[in-house]
Amino acid sequence: MNRRRSGIRLWLLAFVGFWLLHAAWSFATPLNGPPDELQHVIRAAGVGRGEIIAPAEGIHGYQNVPKTLNRGWCFPTKVEVAASCEPEPVGDETAMMVNTTAARYNPVYYLVSAWPVAVWPNWTGIMLSRLINGALMAALLACAVVAAARWFGHKGIVAGVAVALTPMIAHLGGAINPAGIEIAAGVALFAALIPLLHEKTGEVNRAQVALAAVSAGVLVTPRFTGLMWLLIILGVLLVPASRARLRELARSPAVWLASGFVVLCVAASLAWTLVARTAEPAGWEHGLSVTTILRFAVFEMWPNVANQMIGVMGWAETLMPRLVYVVWFMAAGLVLLGGLIMGSRVDRWRLIALFVGTFAPLLALEILSANQIGFFNQGRYFLPGAVGLPMLAAWIMARRGLPAEQQRSITRLVLVLLLPVQLICLPYTMARWNSGLVSLNPYNGSWEPPYGNTLPLVLVTVAVGVLFVTFWRAAGAPEPVPPAEPEHEDASDVTVDEPVKAGHA
Amino acid sequence: MRSAVRLWLLAFAGFWLLHLAWALAAPYNGPPDEQRHAIRAAGVLDGQLIAPPVQPGGADIARDGDVFNPVPSSERDLSGYQTVPRSLVRPRCFPQHPDVPADCAPEPGGDTTPVRVTTEAAKANPVYYVLAGWPLSVWPSWPGIMLARALTGAAVAALLACALVGASRWTRHRALVAGVVVAVTPMTAHLAGAINPNGIEIAAGVALFTALITLVHEQRAGINRAAVALAGASAVTLVTPRFTGVLWLAVIVGAVLLPSSRQRVRELVRDRAVRGWGIAAGVATLAGLGWTLVAGTVDPLTYDHGFSTAEILRATAIDHVWPNMANQMVGVMGWAETLMPRLIYVAWFMAFGLLFLGGLALGTRADRWRLIGLFVATFAPLTLMEILTANQIGLFNQGRYFLTGAVGLCLFGAHVLARRWLSAQWVRLTTRLLALVLLPIHLVCLLFTMVRWDSGFRSINPFNGSWAPPLGVALPILTCTVAVGVLFAVYWLASRIPVGETEPERTDEPAPALTGV
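Line by line, the protein sequences are chains A and B. Once you know that position 311 of the first sequence is 311 in our numbering, the rest is easy, because the numbers rise by one and skip nothing. Once you know that position 419 of the second sequence is 419 in our numbering, the rest is easy, because the numbers rise by one and skip nothing.
Chain B extracted, bound-state conformation (with noise of 0.2 Å):
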């Protein structure tokens, strides 16, 4: 127990610091979509909770000289407005230009005189905004926005090390941790240190996989408590920052349980424990619904941009969307313009076709369809509504939309891997190797992409720029540095086996001939 406990403070602390490496070294509105949360959450804790929509000429005009631009920006800000302070409200002009560095806009602060602008996350549940975002209605600067980061962080962090320390101590051979080690990639380490509930939307699905793996298949007798709750609590997160949570939970819930041990559920069900944190979930899912059928939070925009079919399978299926969407959930930063090294993406692609093609080809038959099946579920809702509806409200996919499904691929393959394949060593060996070639990738990630907001690439040193985040550039590497370090060590101690396990002695002997069957 007592263990468990330090392993869930050390992985804790690991993934904070990651987080807030990637909190301290970007510029505001550096992370996808911040400004737009940022908006949200000072309206929100200002009261605004159901957001006015936006009449033809409706939000606050630009004047020469104002140092923000509240004119809709995208059509997509055209859901609501709220009025914040002008502190707030910075012009977008280096966000999708990667080579325009971020002193190109004014740092957040100064003026608080309330404006009215529109935002794309007018009508998002207000639940996570309240959460963690009450610091900027309280210091609507860089301090507010600072702590609100660092708060969305710590959260995405507690529900990564609940899901490392389950990982750990529920599955066979610790065999999930590999799984965390592939699935918690740089993007979600880059949302983590944002004002953006995505990044929790992802945490969340990793500790329900990881929590409903257990229960479910790893265990096949008694109820372990922890997990009931860490189930519980991940599914009522999951389905509230967003709306697309309640699409996850029934995606994550039926790759469980679709086919799974009819005796097995039927013992889950009858247990108190289950039965309560279900009502929970479900209590939150229905909440969720409500607050998207009352704000109207889904209601699909009436533009008509005119592509034809051919032009929208074509975009979609080869020349953009879906190859970067591969790229996107290991990592392209800021608003997807800030493509990585492009040799990470190689390490990341190998590493995961290590544990979902190693978990499809040595499977059962079971196996193979429960991972065919999630991958069909997770990627296919997403981008048939965007092929469908691509005249309406344009290409909007991106890879981190998809993350808290596809978390599942790698965490259902090593559960694969150890149950039909790999022992205990093997197991331990796949974990340590997958995190001595993933981990160092996050430090590379963070460096890359301050280079970019620090000078657009015109160096590539991160000290050489004209833009240098608030507290310095020397604090997120020092801080990253150390967060990688603490992880590897999370990961080493992780994947330990326990002793009293069998360990086999290793051979520089081949094998005999056909020892399978």
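Excised from the complex, chain A in its bound form (with noise of 0.2 Å):
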């Protein structure tokens, strides 16, 4: 009872304070900051007006929304243009049709979250709808860090559940766009399967089938490559994975159950997709030669796609200071690099497959197709299956032989180097959207966020303490399983000043 409290008291102060951080993203955005945020908007009106499979034209689609809605790309893609250029969304609320790229997307998420945009087609219905989609953000994000605390024999997948959370994913959880939740659920998918094939053996723990259910759910619905996400995260988890672990999964009524709404799921996705023709592609022809494609890919693209990974705010545009990259690479390295070393030549090649896996499929279909849909790719799109990297790299250390002290020490530094870049990305996006980083004082702007520039900072840097407060404990909670015979020689000679004997681990 005592371990389920705790578990349930982490996972509150997680969803504190995982909101929170989305929250201040929330306040501190302006309409159409985010990346595609207005084209969601629109959609979300739309789709609260009852017009599910809008009307179409070439790739894109018609919504009626309100006229306060409709407004105009002035300042995304265009760094030093503040959000002042941009008429506020109040005002006339009657309908016009309006054109948007997201016409065909999935109703689902935008009747669960942007609902009430369709109802106060201004301020307050964005900030509510960016509130609910950080909401459930939120959620899927602490049971991936609950799961990472309670359900592993050891602690060493916080460190990596911390790197994988990077400020592009919180920035998302600040908009009404579905690519956030699609990234919450990734963690959560990968934190409830990794233990359930591969941690225990001997029984099934519910609640990592109801989590692995759930966020599979969440993964195939808002976009159409949730299904392709599912089917990596799948595959690289289970090839290989324990025969006799598998047979006990499938004696489970839990499990089939849960498989069973995963199915729906999937086929719900699957059937939206098809009849909305979502993944149907463009016919232009850009008329790009082989050899600038891959040019421009290899060169441009891709190194892009590293940096917004971590976060290029706004549309793509907002590069941040840039060492924050350097210290977020570097943590990744720290974790990725020790998992290839250390791990089995299994954990090689599962960690080998999921970064093919992650970024292979849609980098080759840019390459394949940059002429008839242009070059399409971001960061973002790649995170569903990029978190799962420093996930399982952190796993595999710790399940090497990484000792627990050691492991602890991972955690909490990265905690401490990662956690303050998130008080560095939004003020800095706010200089940006605020006086386009004429000033980098948020304070002094054209543009002020609707309920000024002091509540989003307040709330980010509170937001940033009661993380570092939940994956500290993470870190640090007491053991879930018994301590076991070691098979080894103990490690215990690891912290004193003279060299450990060779070999030790």
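The set of hints was computed from the structure by calculation and includes no laboratory data. There may be inaccurate statements among the hints.
What follows is a list of derived Cβ distance ranges for each label pair [what the hints assert, rightly or not]:
no.: 1; chain 1: B; residue 1: Gly254; chain 2: A; residue 2: Glu203; range: 54 to 62 Å
no.: 2; chain 1: B; residue 1: Thr481; chain 2: A; residue 2: Val346; range: 30 to 38 Å
no.: 3; chain 1: A; residue 1: Leu111; chain 2: B; residue 2: Arg365; range: 51 to 59 Å
no.: 4; chain 1: B; residue 1: Arg2; chain 2: A; residue 2: Thr201; range: 47 to 55 Å
no.: 5; chain 1: A; residue 1: Arg295; chain 2: B; residue 2: Glu311; range: 30 to 38 Å
no.: 6; chain 1: A; residue 1: Gly50; chain 2: B; residue 2: Thr309; range: 54 to 62 Å
no.: 7; chain 1: B; residue 1: Glu311; chain 2: A; residue 2: Glu317; range: 19 to 27 Å
no.: 8; chain 1: A; residue 1: Glu203; chain 2: B; residue 2: Thr481; range: 40 to 48 Å
no.: 9; chain 1: A; residue 1: Thr77; chain 2: B; residue 2: His320; range: 49 to 57 Å
C-beta: ideal position from N, C-alpha, C; glycine also.
Put the complex together from the two separate chains, hints included.
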């Protein structure tokens, strides 16, 4: 009972921390500040009016929405232009037909999280929708943190979760855009499936099964790419897996029930994709040569993707202070290369397969279809799979003999390095929206968030504090399993000043 | 002993070939500040040890049709002038313009009439130029330039080979080999294929760190004479060519000694060889300091750029200098204008993160303070000086200036990991994985920089350019490919676990929970 209570407390703490972080972004951001937000707002307003299948034009479509939501693109993709160039979403709410690239998107996300836009087509609806989106993501991420702290024989994976949760995810957590929930579902799915398939045998943890099912269901629903991510994540974690464990899982009614739920979600999502032709390619011809496509992809797009996964905010136009990326790459290097080094052959192949499975499909698709679709990729598109890389690697390090004390040291170092980055990214992006980076002081700008500059800055500071406590506790929470007899020589000599013996691990 | 010599020879061959590849690929003045140092070298060899200061209008003025541009092109060139053969003075038309190929400047050579030209290096210590730049006085043209580059490359290769052998033979689990793999960035290879004393300073830093870590922290009893000699020779080398060497010596010795076992330090101080080399390093330091004072090498400039404090802080911390420095330590080639394909930086930062953050996370309190202290001592002095003097000197820092201390972060990180975490087998894997990931990047960087010099990026094929290296495009590519292969073999051999050292069986079974303290 105590264990359960402490789990609930940790979940609540994590949920509050993540939600506050997402709320900070919500309150800081102009309408259409986050990537593609207006497209999704228009879709949400249309869905709210019952326009589930939108009249199509090319790859886009039309929705009838209040005029208050029909805003332009005077500042997105132009980092030096402040958000004050655009009128605020208030005034005349007469309906008008507006084009949106999200017109064919699955309506479920919009019905669940963006319904307030249909009721209040102004700041109230937008903020409420952002907050609902942020809360749903926070719930999934809190589940992942509790899973990392409770369901593993080793807590090393907490470091992987901390590396996985980049500022880009927080930015999407404060936006009306289904990409955020897709990524959060990826994090939760990894956190549930790794222990379910590889940690313990002899019993089936129903909570793990439930989290896996819910996150898989959430993953496949809002965007058509979710199906691909489910296949990749399942493939990487199942191939190979212990047959005995698979048989054990197959005997569990809970697993059957969960699998049925996921199959239903997959079928529904596939049906929507086919009916609404969500994934139908565009038919342009840009006339790019193969050399031009490859050169642009390798030298421009791929490096941008690396930065964007950490955070190039807004419409991928607001590069953060660049040392942010250096620090994040270093932390990712510690965990990823550590996992590759310490892992067994199977572990390494799993990591490499996840790397290839995460990046190859969309990058190959982009190269093959650059003339028809253009260079469409952004770092955030890869995050539902990429979040698994540090999680899997950190889990491997812990599983292959990194002592518990050292796992905790890595987690806490990662926290000290990475959490403050959230405090840099939000004020810097606010400076971009408020003054077009003319001033780095967010209070010196021609635009101001609807509830002022102070609220998001206070929220992000509190959020970082709460998350610090959350992860600190998660990394050092009581061990979930009783101490086992060590197979090898105890590694307790690792903290003394004398050299440890060779091959102690 | 024999195997150590063989390893040294192989490592020397690998590094020198890598440096030669850069030497063979680069146009004259392609590497950073090369013409400034070539002019200084030609002047020094002509006996112009203390360069006269430039009076207004004192340098030769370019006339119509001249192939050189001796007018001070930068205020930093005003430190003094040298009278050198006209064949070494070329217009600076392509440096800092990555889209301009190197054929905009005439090749060096031809008319050797003496001309007076300014150079930023006019007051630099002459020792490097006498030892490595003498061919320029004999052949003030391509043969002299290539030979001078090759001599610099050989000196850098010799120091790195010593460091590599030391790392392999003297350190626990050969951990410092992994540190060397990460510490020797493409930027160092680029500098080692150039007439520029910066490469030697960096290599001396790598060798000094390796030797001192061995003497003070790896070996708890007895004196390793070879390590003492390497420490002494690299300290002497470090303090000589550039005035910053004295700063680096203080930083490196401080980082190694604070804290350390007093007993061990006393044992070292009592040793005759240590004292002998200590005196040699002291004399070299005094000589370096003496030159700096006599020649006025660090006399500050007195301009006023009129930047506000906010502008300086924003430009340094956020917009340009510090983020650029991180990339430049890995490699932004030429006159810091040729950014490499950006994913190479990601790979290098990740590799650095493994060693540095791994050491920071898993070290003892003393290890952590040492790593943090070294980090601060490496970056704080020059960055603070830049902020404080930005209005007088401008934003002068480049990543390569910091490499001499920064290499120690990789080496100390690797040292800590082997002591606190990684078994011999894992250290071996670490070294080999890092070599596998990072060595090919050397080849990518050379090819990409050749593309920049040969065509100004109009084509990504180095054979498709308006400029070609004097001995052809194929030779440097071939040399670099061989060098990368040799270095891979070197790292592979250097990381081998000797027969007799425990090597536990690897298993696919997970380790039990709670194996730690």
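*Those earlier numbered hints the structure runs against, lowest number first*: Of the numbered hints, 8, 9 do not hold.
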